[in-house]
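Novice: With the hints as a guide, dock the two chains, each given alone in a separate frame, to form the complex.
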Amino acid sequence: MSISGREMEPSDVIELSIPVRTDLVVLARLTAATLATRVGFDVEEIEDLRLAVEELCLSLVRSGDDGRLRLRYTREGDDQIAIECSFEPAPGSPDNGPPPDDLSLRILDALVDEHGRSQKEGHSRAWLRKRRSRTAV
Amino acid sequence: MDQTFDISEREDAAAPVVTVAGEIDVATAPSLRDRLQARVAGGDATIVVDLLQVSFLDSTALGVLVGALKRCREAGGDLRLVIAEPRILKVFEITGLTEVFSIHPTVEDALGALPR
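These protein sequence lines are chains A and B, in that order.
Start counting the first sequence at 1; every next residue gets the next number (the working numbering).
Start counting the second sequence at 1; every next residue gets the next number (the working numbering).
Bound conformation, chain B alone (with noise of 0.2 Å):
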């Protein structure tokens, strides 16, 4: 298994796909939370996040991606996330937020509601 962290952006005619790869915890979180800002900042009001590739994560993660879903929200969009792998999607479900955030098992499923 692949533990390195990694994060990298593409455009999309739908929106823009945040992909991260490796274990998303107490320390690489904060490198998700500033790409997650620069981009609503930058006016990205609806953002895809990739963790198709995500090996990992705690409640550091979870809390950075609901203060990203706030952000979308507040600014009139959504934050959308792929999810494919049981063990991840898991730790969405015990925290209750399988209710709170649009979950796709494929990029293309969650880029395919958007308009373009």
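Excised from the complex, chain A in its bound form (with noise of 0.2 Å):
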């Protein structure tokens, strides 16, 4: 597969599985910490990453959900990542999702390019995308 004339790499996706817990969140910030760095992302754009991935996860669950989300970073091309959550209930557990949040929401605005939510076999799912603003070195 090309994107942007580059050919993907299976190192370009990094897949990511974690229990509903809020002290496992963290996770989800330092694996995008890790790519954004890979991607040459300056350090203003590296926390602008950890808050807006931070952001997409609280976007789907709600306090007391059970199950777990699982996350699919993406590098595209030289300069953009893609961040794709989803949240996958336990058995029994509902998956309506929180109503959006607005403070949420102006967050994710500011600080990516690209962002949505929706539902995706039968899971909720929220999205994002960032790109690099400077040239690559």
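Think of the hints as simulated: they come from the structure by calculation, not from any bench.
Owing to the predicted nature of the structure, the values given are computational and were not obtained by experimental measurement.
The C-beta atom is built at its ideal place from N, Cα and C for all residues, glycine as well.
A couple of the hints might just be wrong.
Mimicking DMTMM-like on lysine to aspartate or glutamate, the simulated pairs with C-alpha atoms at most 20 Å apart in a straight line are [what the hints assert, rightly or not]:
(1) A:120 <-> A:44
(2) B:90 <-> A:109
(3) B:90 <-> A:102
(4) B:70 <-> B:85
(5) B:70 <-> B:34
(6) B:90 <-> B:74
(7) B:90 <-> A:65
(8) B:70 <-> B:99
(9) A:120 <-> A:66
(10) B:90 <-> A:15
(11) A:120 <-> A:84
(12) B:90 <-> A:12
(13) B:70 <-> A:109
(14) B:90 <-> A:45
(15) B:70 <-> A:44
(16) A:120 <-> A:45
(17) A:120 <-> A:95
(18) A:120 <-> A:88
(19) B:90 <-> A:113
Counterexamples of contact, computed for chain B against chain A with all Cβ distances above 10 Å [unchecked claim]:
(20) 43
(21) 99
(22) 113
Footprint (simulated), chain A over chain B, 3 or more residues, beta carbon under 8 Å [claimed, not checked]:
(23) 24-30
(24) 52-64
(25) 88-95
Specialist: So this is what it looks like as structure tokens:
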């Protein structure tokens, strides 16, 4: 598969599956920061992405939800990262998702190039895309 | 960067100062909420929250601070924030909360305008 003229490599995709626990959302941030560093994001962009992925996760689960968050981080071309997050509720648990949070939406609007939310294969899904601003060194 | 989350409190003649260090996120924000609620319930209408050592905060943290501000104002006081790090200030700016909170660059500045 070719994105922006660059062949996609297996290392361009990172998948993370974490139980819905507040103390584990930090793993979603750490993974985003690691990939952003590899793509050459500057310090401010890395911090933007860390916060944005946190908000992405928070947009899918309510306090007390039981299940797993699955995150897929994709390096797109030389300067862009896409992150998709889906919530897989534990058997018997609802998958309604919290109502949109105004503060969270404002943060995502300001920090990423694109973001959205939908249902996919019966699960709540949220995604974002952020492009590096500076030219690669 | 020290990511350890910590809350400490001290009394000043003008108002109590609650100092937070580390990352305020969905895991740690409830601790801050509980401490601020206890302060207001204990009779402190005006509180200074020192965020100088905070390295990260999310919408959960903002929600906690907004809730505490509301309680302080209902009690006739205010919740004053101390922020110097541009990255933290940016989160308040993009959410429009710089128009809502009284934000100061130093603890002394936040306390300075309060009666002692």
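Novice: Checking each numbered hint in turn, tell me which of them this model violates, lowest number first.
Specialist: Violated hints: 1, 4, 6, 7, 10, 12, 13, 15, 16; rest satisfied.
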